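J.: Here is how the chains run, residue by residue.
2 protein chains.
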Amino acid sequence: MIYRDLTTSLRTIMTPGPVEAEPRVLRAMATPILGQFDPEFTDIMNETMDMIRKLFQTENQWAFPIDGTSRSGIEAVLCSIVEPGDKVLIPIYGRFGHLLVEIVERYGGEVVTIETTWGEVFEPSKVIEEIKRVKPKIVGIVHGETSTGQMQPLKEIGEYCREMDVLFVVDAVASIGGVDVKVDEWKIDACIGGTQKCLSVPSGMAPITFNTRVEKILLERKKIERGLVDSDSIDRVQNRMIRSNYFDLSQLMDYWGPTRLNHHTEATSMLYALREGLRIVLEEGLEERFKRHKLHEKALTEGILSMGLDIYGDIHTKIPVVTPISIPEGIDGESVRAMLLNEFDIEIASSFGPLKGKIWRIGTMGYSCRKKNILHVLGALEAVLIRHGVNINIGQAVQAALGVYEDASK
Amino acid sequence: MIYRDLTTSLRTIMTPGPVEAEPRVLRAMATPILGQFDPEFTDIMNETMDMIRKLFQTENQWAFPIDGTSRSGIEAVLCSIVEPGDKVLIPIYGRFGHLLVEIVERYGGEVVTIETTWGEVFEPSKVIEEIKRVKPKIVGIVHGETSTGQMQPLKEIGEYCREMDVLFVVDAVASIGGVDVKVDEWKIDACIGGTQKCLSVPSGMAPITFNTRVEKILLERKKIERGLVDSDSIDRVQNRMIRSNYFDLSQLMDYWGPTRLNHHTEATSMLYALREGLRIVLEEGLEERFKRHKLHEKALTEGILSMGLDIYGDIHTKIPVVTPISIPEGIDGESVRAMLLNEFDIEIASSFGPLKGKIWRIGTMGYSCRKKNILHVLGALEAVLIRHGVNINIGQAVQAALGVYEDASK
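So the sequences go chain by chain: A and B.
If you're matching positions, the first sequence starts at 28 in my numbering and goes up one per residue.
If you're matching positions, the second sequence starts at 28 in my numbering and goes up one per residue.
Derived by calculation from the structure, the hints in this document are not laboratory data.
Just so you know, not all the hints are guaranteed correct.
Repeated chains share a single entry, so a pair holds when one copy, or any two copies, can fit it.
[To be verified] Only pairs whose alpha carbons sit at most 35 Å apart, straight line, appear in this in silico DSBU-like list of lysine-lysine: (1) K164 / K182; (2) K209 / K153; (3) K209 / K385; (4) K214 / K243; (5) K114 / K325; (6) K164 / K249.
As the structure is a computational prediction, the values presented were derived from the model and not from experiment.
Next comes chain A alone, as it looks inside the complex (with noise of 0.2 Å):
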């Protein structure tokens, strides 16, 4: 059986990603491929480096891309800052803090979880209290929940975490690139950044970076991995070691540092992309973009308001990247997500457990975040919702959305 040519269809992919990816990255992906120590190429990961450190606002050293999905950064960092007993505290207000004590847990972390209704983020002072009682090493959290559409405040966490000289890391995948992550203000020690949704690059990297802070614990566990072979102390060599080779940032340091010690092959195509997707971001500015997505949010959410729809959670603590609504009373949502799909091409998101059936979400991220998707966005789902028999009001959302479009423009 011979394969048909890759044929795919032009979707408005309005999730909270993977979302459409920027069409002058798509072309990056079609250059030819250098060898990884080729002197044009080691340029292009420094350059890459170099707008990282930009994205995440920081003055770190170090700032390079895991290769692999975005959880891959995640887990890079935690496997190689987590020993077996170490205690981590992760408050959770969505799927994705749960994420993080999986993977904790799975490195023999001992996890201390707070969990608040989804919906709703966390009071920085709770946090703050549970770190007085916990007194955790390291403190685990996601800054943009997709699941629920809710962004935790971190300044004054990352503060209290400084002070007291606990490790903060934060899972920035969602919120990166579309909102203000500010690694070095917010006292981040590591923080771990997705590609495939406000960067519009297509998922396979994930851009993390960290502090000498993080650097020490590093350091030691290399250390001793590689020296001490006297044998009295090899039961704590097998503990401190790192686990994973793949995601033992030690080594990538000397990979990605002067060094340039061979360890994977890097992912050449992935790293053009990611390479002009910071590009693209940086040209048009983090204040510009930021203010961009923050449009968009407004153009969407009074058409969805003004449609009769309900916003889903906390609209003060709102993440402007993702949009929740409510499923109206009685109605399928899987049905009106299909129909989206089938007649308009347009892809919309569900969500996950307790909020599964109840909302849908919509991404406003990157590429994906222009005036074209929310208006066509708009005029589908009331298109869509009118045929499911919602009772609606009829033309109202796309009026309202060009209203903010055109109040912005003046």
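Mind docking chain B on chain A? Use the hints.
T.: Using the frame of chain A, we list chain B on its own:
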């Protein structure tokens, strides 16, 4: 600072990977993104699985890529199979055997190694003897050692392992798509391939396959992790749990299988690339493809020998896709490589460890393995060696290669 447009030289890449990517593969990556649960995308996932099965010459149900570079596939297989205390026999005949050791040790396996001189492989009977003595749970071995250009015969070892109920894990990163890798016939229980070598797909994915003997272990380790919460068995739970979340094959089975449980976000563009690369392999046909690799190897080696240079290592067990050349006495191998790159835009490789400075390695893999490249590299190498004052037979190399091609077309 604004970065310039991505601009790269068009190199002739004659290393043992990464090699030049197929132009059709590069174009496929420029295809717009689909969501990971879009039915069009899950179709592409299924097609790719099917083509991976054909590539590995297996009927295994489980055949899918890991989202990472080649060693991510090796780590995924090893960390999902190897439990702390498991005895693993690793015969080493080059650099990448040491990588298997490194990974198994990190996950708590008890490694026993045997080593043979670099430049040779093991007599299968030698390995079988060692299996008898050591009684390992797992034997892990490299099929094609790019570091030395050698290829280990596997069939007898595989058959003995099956007889003794030992798991046989093979790293076929360098050989897959360039020479026969008969997973079922050779009784390989788990096999890992690479994309950036004989498949001529950029680095960033690792196709793997495993059979029901491996699946059984995965399901046991999975069941225990999710189920049993009685505290008596916590130690046993902790011991059997797969450490990595990203590389947990039992979870990846649910992601690639019909249940389609969410795990990572599949690396869309890399999957497009892999699909196209596999399509090209199957269109050419495995037998035809292997024949092509042998033809160009012949042209290259006859050219090298006619020049008066020596092929390094045992010629009888040489892998057709890598040709190691002894660097003539007194010559700075790195200077020759630099001149090839800077003046001729050709990249060839050096080697590692004991072979550093002793050999060059020329890859003839996938799309890089074609007449134009063979003739170009022979002509350029001759010119550079003359420039370095090496006493070679002038004007012979390209003629010898042309002769091979002429004979083949008769």
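J.: Indicate, hint by hint, whether the structure satisfies it.
T.: Results for each hint:
no. : hint        : verdict
1   : K164 / K182 : within (18 Å within a copy, 51 Å between copies)
2   : K209 / K153 : within (21 Å within a copy, 59 Å between copies)
3   : K209 / K385 : within (33 Å within a copy, 49 Å between copies)
4   : K214 / K243 : within (16 Å within a copy, 46 Å between copies)
5   : K114 / K325 : neither (41 Å within a copy, 60 Å between copies)
6   : K164 / K249 : both (19 Å within a copy, 29 Å between copies)
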